[in-house]
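**Q** The primary structure of each chain is shown beneath.
Protein chains: 2
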Amino acid sequence: MRVKKYFLQTKKETPSDASLISHKLMIRSCMIKQTSSGIYAWLPLGLKVLKKIENIIREAQNSYGCQEILMPTIQQSEIWKKSGRYNDYGPEMLKFLDRNKKELLYGPTNEELITNIFKDYINSYKDLPKNLYQIQWKFRDEIRPRFGVMRCREFLMKDNYSFDLTIKEAKRSYDNMFKCYLNTFQNMGLRAIPVKAESGAIGGDMSHEFHIVNKSGDTEIIYDKKIDSLKNLTSDNSYQILRNIYAVTREKYNEAECIVNKNDIVVTKGIEVGHIFFFGTKYSSALNAYVLNNQGKRINVQMGSYGIGISRLVAAIIESSHDKNGIIWPKEVAPFDIGLINLNSKDKMLSKISDDLYKLLKQNHKEVLYDDTLESPGAKFANMDLIGIPFQIIVGLKSIKNNELEIKNRKTNIITKVDLNNPSQILKQLN
Amino acid sequence: MRVKKYFLQTKKETPSDASLISHKLMIRSCMIKQTSSGIYAWLPLGLKVLKKIENIIREAQNSYGCQEILMPTIQQSEIWKKSGRYNDYGPEMLKFLDRNKKELLYGPTNEELITNIFKDYINSYKDLPKNLYQIQWKFRDEIRPRFGVMRCREFLMKDNYSFDLTIKEAKRSYDNMFKCYLNTFQNMGLRAIPVKAESGAIGGDMSHEFHIVNKSGDTEIIYDKKIDSLKNLTSDNSYQILRNIYAVTREKYNEAECIVNKNDIVVTKGIEVGHIFFFGTKYSSALNAYVLNNQGKRINVQMGSYGIGISRLVAAIIESSHDKNGIIWPKEVAPFDIGLINLNSKDKMLSKISDDLYKLLKQNHKEVLYDDTLESPGAKFANMDLIGIPFQIIVGLKSIKNNELEIKNRKTNIITKVDLNNPSQILKQLN
Numbered sequence: 134m135r136v137k138k139y140f141l142q143t144k145k146e147t148p149s150d151a152s153l154i155s156h157k158l159m160i161r162s163c164m165i166k167q168t169s170s171g172i173y174a175w176l177p178l179g180l181k182v183l184k185k186i187e188n189i190i191r192e193a194q195n196s197y198g199c200q201e202i203l204m205p206t207i208q209q210s211e212i213w214k215k216s217g218r219y220n221d222y223g224p225e226m227l228k229f230l231d232r233n234k235k236e237l238l239y240g241p242t243n244e245e246l247i248t249n250i251f252k253d254y255i256n257s258y259k260d261l262p263k264n265l266y267q268i269q270w271k272f273r274d275e276i277r278p279r280f281g282v283m284r285c286r287e288f289l290m291k292d293n294y295s296f297d298l299t300i301k302e303a304k305r306s307y308d309n310m311f312k313c314y315l316n317t318f319q320n321m322g323l324r325a326i327p328v329k330a331e332s333g334a335i336g337g338d339m340s341h342e343f344h345i346v347n348k349s350g351d352t353e354i355i356y357d358k359k360i361d362s363l364k365n366l367t368s369d370n371s372y373q374i375l376r377n378i379y380a381v382t383r384e385k386y387n388e389a390e391c392i393v394n395k396n397d398i399v400v401t402k403g404i405e406v407g408h409i410f411f412f413g414t415k416y417s418s419a420l421n422a423y424v425l426n427n428q429g430k431r432i433n434v435q436m437g438s439y440g441i442g443i444s445r446l447v448a449a450i451i452e453s454s455h456d457k458n459g460i461i462w463p464k465e466v467a468p469f470d471i472g473l474i475n476l477n478s479k480d481k482m483l484s485k486i487s488d489d490l491y492k493l494l495k496q497n498h499k500e501v502l503y504d505d506t507l508e509s510p511g512a513k514f515a516n517m518d519l520i521g522i523p524f525q526i527i528v529g530l531k532s533i534k535n536n537e538l539e540i541k542n543r544k545t546n547i548i549t550k551v552d553l554n555n556p557s558q559i560l561k562q563l564n
Numbered sequence: 134m135r136v137k138k139y140f141l142q143t144k145k146e147t148p149s150d151a152s153l154i155s156h157k158l159m160i161r162s163c164m165i166k167q168t169s170s171g172i173y174a175w176l177p178l179g180l181k182v183l184k185k186i187e188n189i190i191r192e193a194q195n196s197y198g199c200q201e202i203l204m205p206t207i208q209q210s211e212i213w214k215k216s217g218r219y220n221d222y223g224p225e226m227l228k229f230l231d232r233n234k235k236e237l238l239y240g241p242t243n244e245e246l247i248t249n250i251f252k253d254y255i256n257s258y259k260d261l262p263k264n265l266y267q268i269q270w271k272f273r274d275e276i277r278p279r280f281g282v283m284r285c286r287e288f289l290m291k292d293n294y295s296f297d298l299t300i301k302e303a304k305r306s307y308d309n310m311f312k313c314y315l316n317t318f319q320n321m322g323l324r325a326i327p328v329k330a331e332s333g334a335i336g337g338d339m340s341h342e343f344h345i346v347n348k349s350g351d352t353e354i355i356y357d358k359k360i361d362s363l364k365n366l367t368s369d370n371s372y373q374i375l376r377n378i379y380a381v382t383r384e385k386y387n388e389a390e391c392i393v394n395k396n397d398i399v400v401t402k403g404i405e406v407g408h409i410f411f412f413g414t415k416y417s418s419a420l421n422a423y424v425l426n427n428q429g430k431r432i433n434v435q436m437g438s439y440g441i442g443i444s445r446l447v448a449a450i451i452e453s454s455h456d457k458n459g460i461i462w463p464k465e466v467a468p469f470d471i472g473l474i475n476l477n478s479k480d481k482m483l484s485k486i487s488d489d490l491y492k493l494l495k496q497n498h499k500e501v502l503y504d505d506t507l508e509s510p511g512a513k514f515a516n517m518d519l520i521g522i523p524f525q526i527i528v529g530l531k532s533i534k535n536n537e538l539e540i541k542n543r544k545t546n547i548i549t550k551v552d553l554n555n556p557s558q559i560l561k562q563l564n
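Chains as they are written, first to last, in the working numbering: chain F, 134 to 564; chain U, 134 to 564.
These are calculated hints, taken from the structure and not from any lab test.
In this text, all values refer to a predicted model and were calculated from it rather than measured experimentally.
Beta carbons: idealized from backbone N, C-alpha and C, even for Gly.
Take the hints with a grain of salt, since some may be wrong.
[Said to hold, decoys possible] Using 20 angstroms as the maximum straight-line C-alpha spacing, the simulated PhoX-like pairs for lysine-lysine come out as follows:
#: 1; chain 1: F; residue 1: Lys385; chain 2: F; residue 2: Lys395
#: 2; chain 1: F; residue 1: Lys137; chain 2: U; residue 2: Lys263
#: 3; chain 1: F; residue 1: Lys166; chain 2: U; residue 2: Lys263
[What the hints assert, rightly or not] Chain F is faced by these chain U residues, among others (derived, beta-carbon under 10 angstroms):
#: 4; residue: Gly179
#: 5; residue: Asp231
#: 6; residue: Arg284
#: 7; residue: Lys359
#: 8; residue: Ser362
#: 9; residue: Glu508
#: 10; residue: Ser509
[Claimed, not checked] Computed spacing ranges between beta-carbons, pair by pair:
#: 11; chain 1: F; residue 1: Ile392; chain 2: U; residue 2: Pro556; range: 56 to 62 angstroms
#: 12; chain 1: U; residue 1: Leu230; chain 2: F; residue 2: Asn316; range: 40 to 46 angstroms
#: 13; chain 1: F; residue 1: Lys485; chain 2: U; residue 2: Lys550; range: 38 to 44 angstroms
#: 14; chain 1: U; residue 1: Ser257; chain 2: F; residue 2: Gly223; range: 43 to 49 angstroms
#: 15; chain 1: F; residue 1: Asn316; chain 2: U; residue 2: Pro556; range: 47 to 53 angstroms
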């Protein structure tokens with residue numbers, strides 16, 4: 134993509150209402166624009182990141198046996214009355230009447246709706262287990278939306294729902310998702326720690342939140358410091374440890390019950406990026422979702438639900454990966470692989486070399502943002518640093534004279550010189 | 134995907150409230166489920182088709198220079214008051230108050246919102262032209278939702294918006310989208326005819342609808358029969374003809390003005406799948422969106438908007454491609470490439486052969502739905518015909534004894550025998 138054509142009007146000023154660094158950087162880098170209080174439009178650069186995260190989640194869901202569906206954003210109130218949750222979200226649940234005076238609501242979560250769908254199709258234990266997920270916009274009418282997409286009203290979530298015959302099998306589904314989440318977050322370059330949590334309005338008696346440790350987080354988490362020494366959270370060994378180690382939210386913390394020595398405990402802040410629940414028959418009983426078991430007896434299905442905040446993750450990743458100059462995208466979710474900077478777009482030789490490089494990189498399936506504008510070198514550098522693409526290729530007169538290109542690693546700031554006429558050396562530097 | 138695990142509970146009965154064949158077949162084949170009046174959930178099979186159509190549209194948009202963004206579903210009423218359209222959609226526009234008593238609405242279309250976004254970023258003629266698109270759910274509170282996803286309340290649309298400095302350039306953008314649409318529909322195996330249309334609530338003085346000729350369509354269209362003799366609507370020649378030939382909706386028809394001989398006219402029904410508009414400065418004037426031209430003068434941008442009904446297209450394709458046994462998917466949008474039928478899943482040899490085939494096909498990047506259930510052969514055949522996958526591979530004892538497989542083309546019903554032990558022959562038959 135050429136910057137000249139791209140809808141990428143970055144800003145130098147920091148918006149006055151933004152306190153979080155991720156909020157500031159997302160506005161400045163033209164990723165999002167607020168269109169109403171707590172409601173955002175995703176501009177081309179922001180949407181690219183959102184879609185990358187979405188796809189990493191989708192692939193993990195598919196590989197763990199979940200099937201994708203898509204429920205509508207708008208639900209009927211009736212099913213919420215049946216489940217007994219009609220008032221549980223209070224004024225955060227956006228309710229309204231349609232033209233026929235029927236009460237509808239913008240779904241804040243979908244346990245009722247999925248249970249209602251499920252029961253229309255699945256009648257036999259032979260068709261279990263099932264695990265259905267969706268990636269869909271939700272709405273929670275926060276009284277004071279703030280922190281950009283970290284706490285907004287219309288937000289994108291992946292939510293999935295497991296259905297099993299027995300508690301034992303349901304807990305296996307829960308464990309399966311626990312593992313899936315460890316992998317999912319790792320696949321986007323993040324380290325997310327599972328901690329025991331309250332179930333809140335979803336209900337049930339087993340629940341974990343997944344947290345990115347970060348000073349801007351709004352949840353206090355308390356855990357055994359052994360977790361910090363685990364290098365790779367997704368190994369079988371780590372999974373066993375994480376499943377049994379002491380790790381809780383502040384709400385869930387009880388000094389008397391805490392089995393870990395005080396000196397061995399970490400108390401810190403986390404950004405919640407995922408939350409999983411096992412709630413047994415809470416919804417299947419209320420909404421009458423059952424299957425026949427092998428003796429022809431009606432059994433309410435055992436259910437769990439599992440959420441990942443996709444739009445919030447974009448901000449969470451920035452909170453944990455930036456410097457004073459801007460965003461530093463993990464390569465897994467970066468909007469582009471490479472930023473190509475022509476330091477003087479009026480110079481014919483530099484333009485020819487840059488154009489050829491652009492072509493070469495695209496042929497090698499790299500996503501490239503090519504700054505071909507007439508801005509000053511300083512402005513181009515600042516812009517690329519702000520946007521945070523993992524690698525920058527700098528095409529300038531000085532190095533070209535030595536038949537060289539400069540490749541800058543955004544994270545380490547290390548600049549490597551490569552032979553301009555050696556494509557394989559160039560490509561090798563970009564991995 | 135194995136049928137045994139798949140969420141695919143097809144139904145034999147036709148739902149009583151369904152009159153359109155597409156509605157019946159989508160319910161029976163477990164593609165969609167109504168969750169409220171005119172509001173549907175997309176089940177795994179349906180969502181796969183929806184996503185394929187979405188991606189064909191996305192690729193065409195990208196290749197015609199449009200950039201993807203994503204606007205929220207919820208908008209503020211204010212901008213609709215500014216544009217003067219607040220009452221234009223009447224009770225079809227779903228409006229409601231948030232907890233702070235601010236009036237919001239579920240967007241039925243996005244001209245106001247995109248104009249507001251645009252003007253915050255683009256200030257100079259140098260940054261034009263721009264063309265932004267999104268694929269997002271919309272809501273129109275139809276008084277009598279019916280015909281399944283053909284006329285539902287929550288629906289998926291691709292909408293894009295062009296911004297130009299001059300009328301001449303804006304008309305070029307319009308023509309560019311006209312061509313893009315001809316290609317888009319062809320890329321999904323459809324023949325969509327552009328006809329001059331009224332602009333309705335969008336406004337402006339130039340507009341075309343794109344129609345699939347079909348007896349179940351709810352729009353009468355009238356056009357020069359020469360169109361029916363055009364083989365390929367996307368050739369340069371066809372484009373020139375279509376841009377100038379007589380073709381209108383009934384609303385737009387005026388006998389006195391019709392230049393074509395009565396005998397040379399086709400009067401038929403069409404399903405509207407796309408609609409494009411040029412409306413000049415209607416929104417840019419009202420919402421004060423301007424750029425500075427090369428003399429530093431403020432110029433309101435010239436705009437057009439362009440819509441494709443994605444969820445509706447799923448139904449439209451079925452209306453134009455089915456038989457008495459079920460759906461016949463064009464291969465471009467088929468949920469799977471191949472249906473693999475093991476006629477007797479209890480038979481070890483048949484199961485081994487089927488499993489091996491399943492593996493072979495997946496290795497060759499084919500999407501396969503593998504019926505490994507214990508259903509009867511008749512039920513399996515009926516199911517595959519209903520679902521409408523382009524090819525069926527039938528693994529039965531009789532042909533296996535001759536070292537053969539049967540491959541059935543869903544559209545032609547022709548069955549070809551291929552050598553079981555010749556993978557390349559098998560794969561060749563499936564293109």
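**Q** Would you list, in rising numerical order, the hints stated earlier that this structure does not obey?
**A** 6, 7, 8, 9, 10, 13, 15
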